[in-house]
Amino acid sequence: MTAQTTQKTNPGRFFEDYAVGDVLTHAVPRTVKMGERALYHMLYPARHALHSSDQFAQGCGLPFSPLDDLVAFHVVFGKTVPDVSLNAVANLGYAEGRWLAPVWPGDTLRSVSEVIGVKQNSNGKTGVVYVRTKGLNQHDETVMDYVRWVMVRKRDLDAPAPAPVVPDLAKVVDPATLAIPKGLSFAEYDFTLAGEPHRWGDYQIGEQIDHVDGVTVEEAEHMMATRLWQNTAKVHFDTGARPDGTRLIYGGHVISMARALSFNGLANAQMIVGLNAGAHANPCLAGDTIHAWSEVLDKAETDAPGVGAIRLRLVATKGHAPFVLRGEDGKYRSEVLLDLDYWALMPL
Amino acid sequence: MTAQTTQKTNPGRFFEDYAVGDVLTHAVPRTVKMGERALYHMLYPARHALHSSDQFAQGCGLPFSPLDDLVAFHVVFGKTVPDVSLNAVANLGYAEGRWLAPVWPGDTLRSVSEVIGVKQNSNGKTGVVYVRTKGLNQHDETVMDYVRWVMVRKRDLDAPAPAPVVPDLAKVVDPATLAIPKGLSFAEYDFTLAGEPHRWGDYQIGEQIDHVDGVTVEEAEHMMATRLWQNTAKVHFDTGARPDGTRLIYGGHVISMARALSFNGLANAQMIVGLNAGAHANPCLAGDTIHAWSEVLDKAETDAPGVGAIRLRLVATKGHAPFVLRGEDGKYRSEVLLDLDYWALMPL
Amino acid sequence: MTAQTTQKTNPGRFFEDYAVGDVLTHAVPRTVKMGERALYHMLYPARHALHSSDQFAQGCGLPFSPLDDLVAFHVVFGKTVPDVSLNAVANLGYAEGRWLAPVWPGDTLRSVSEVIGVKQNSNGKTGVVYVRTKGLNQHDETVMDYVRWVMVRKRDLDAPAPAPVVPDLAKVVDPATLAIPKGLSFAEYDFTLAGEPHRWGDYQIGEQIDHVDGVTVEEAEHMMATRLWQNTAKVHFDTGARPDGTRLIYGGHVISMARALSFNGLANAQMIVGLNAGAHANPCLAGDTIHAWSEVLDKAETDAPGVGAIRLRLVATKGHAPFVLRGEDGKYRSEVLLDLDYWALMPL
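Chains as they are written, first to last, in the working numbering: chain A, 73 to 420; chain E, 73 to 420; chain S, 73 to 420.
Take these hints with a grain of salt, some might be off.
If you want a taste of the chain S side facing chain E, the calculated C-beta under 10 Å gives, among others [stated by the list, open to error]: (1) K105; (2) A162; (3) F309; (4) V396.
It should be emphasised that the hints constitute simulated quantities derived from the structure, not laboratory data. From the three backbone atoms N, C-alpha and C, an ideal C-beta is built for every residue, glycine too.
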């Protein structure tokens, strides 16, 4: 071939390309509408009534049913992948996540991240990058923000290590700072239509719930879900991207599956408003059967009528294996896929 | 683990939990919009023009294209699963089904069932439960109703058998009671755009039609479809739910696939308005190739301009095997998946 | 069985059923809305900003984001299958394709084809049929038109060969005749949100771009995509339709996948406006990993503010194999799936 060949494609950023204070304006804003809403219900066994019925949402003081809170998370997250995690070795953690405004059909979401920490690893080959990401809608309102840190490869092993900056992150989002959607009220909440009678007062700290049901996941499903959020990480799509030919399932797919399964026992944990922490403990692959269990970590009151906050640990496992997170070595057991710590809103 | 564990999940009802006259208000109302409409066309080779084109529907006197009649059925049915068939051994039959009003994008559907019959089986382990289910929209109009009976396990084998009540069900919905959508007229029907020239008068009672085409079904597809209708029965999703590790395909998936395939020969059977009977004759599994044939069982006139009713038997088979339902033993042949008896509307 | 059996199904047209001048009014008009838009993003890794965000589209002078240009193509094409390619042996080529008006959510598309050429093959068993297909919206505006030719079987080998008519087709759509969507302007184009800085002036004729990423395709995905466009060709759905039991992936699925992958390097080639030529070089099957590369074939100016036209060759390959189309024998190499020649619009 004599034709000229050029390189116009995005190789992704490497560790030495990040400096504290950098602002990354992520590309490809996305308008989400009724189609994305229906697809969420097709991809996950989602049944929380507030996200299923306009009339139920109206009975809770909202104009109509917002998109699932995790749609906001996935779209905002997906936009950051080309700039944050294309060369990531691992997605290490989340903190200080808050949902600040519902996402309505017709909203357009975009994402902006600020680098808030960098720390080279002692092996000299990789480093940890901390970013605070904001998702904004077409009115420039922040619909959610969260901190995420990832391990990223260095391009040039000889590049000097930056001065380490590790942000001081809250272990838990202070419930007093949770944003309650404008107008939300559970004063007239219909427990029958919601599917379960259990209210905020019925849950005790330390209580554990086995969500019983399992879903065996397929390649086509997780790829369609991941594409829908415009997440482009190769490992999810290309059997040539990992040495063993498997396609790694996007961690957010496991989050959504586990959250949807948690309806059975937590049908009234209607809205997610805070993300305290999260670990993708082990890889999930097609053919795995995802089960889930939850633990009540804390409870808090809110100013909204009839609305309480509940802090939950949501654990996804491969197969039905409830209530044990770690082995004697202190590490996650091999069947644990996800350990997520979040705040939800529930009727008092 | 020292944490307190509780049971807040839904174990489903068992045979002894049903009594004639019980009213079950099913949970999780669902707003269906344009997304569900598009998904129906993605999941099934649906081509009936009235459900495909707003302009075609307007040419038939409707304000725009309603959601497929089977979307209404699947959503209404799906809501009943947690209360009716979570512990069901088998879905035994349908009767007296009528579509009473079209479902428009934006409608919210919910379901209510009344127990109209119970009869313990002679083995003492199971019983048959008959329910009449109504699907209602946000205006509290009934959009469809039907009777369904299922075989349900007993929780406690020592529970006393209830007095048997077996409802007297019509073998066929009287065509005089079929509900014709308000405004429907086939007086200006466009046979070219509909795809076939055959009108009501061209079909003869006893006539059989081989719909020719086949579709090989995949796990990802049937699970997505079943989830979309918020049907939560474990056997459809979890390879651990059945002894042989297979996932049983929701019977409604087979109904929709066969109905869509029947376009080829019945393109003008535009709307389903009555469900006379139905049997899921054999289980359908991923990898099966679904074919379909139909038989004209009856014909009737209606009051709407240019609109006739046609009673059809729709048979789905595994592989291409038309026109034989039962073996010499009187049982369904092993390749028969579905035997459905319904009324549709067709231009005169 | 004693019941009467009839043949009301569509056997498709054979070579001798086509005559130059025949007009085929294809059936089943289709209203496309927001659901189809979301599905496109789920099925393909599509990220061109103009089709992703209403606000981005408004920044380009459009009222909101139109459906992807290939949605128009697939829907218009799908309608023609029952009349043009049900008995086709091969889809041989495309020419003179132009997108004449954007398709907006809510539009209803239908297709009409005129036979513009017929030529029996020397084997006497098949012939080539040339059709010019128009896609029209509900206002009877032509949204796109293109020429396609297919090899079709004869029903009756003894039918006389028609006088051969081979239309004189342009090798390339004259860029002066490309239709620029009304109002389109790239004068205020936001390269950051679009995802790449490369403008029309940065691309050189002869330049080749490796789009890097690959997607391994699944049966469920290609069948859902193909059904969504109401394309009914058996070979895509039925493992019994081809001798080896494989399901052939619809060529348009490969086009959309490759076009979406080309975002990485051609993020600013926002809209497709012309189809010069196209060959489905080799069959694509589930399990194949699709990669893509492009070559800049030509460039042209337009009258719209800030808008240039770029002529691109888009090549899809099985596995990562850039920049070689043909072997020493002049035939497409076995890994080449698609060779498409099109015009796109790009900011100057």
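Cross-check of the supplied hints:
1. K105: Hint holds; K105/S Cβ to chain E Cβ min 4 Å, cut 10 Å.
2. A162: violated (20 Å)
3. F309: At about 5 Å, which falls below the 10 Å cut-off, the nearest Cβ of chain E leaves the hint on F309/S intact, so it holds.
4. V396: violated (34 Å)
In summary, the numbered hints that this structure violates are 2, 4.
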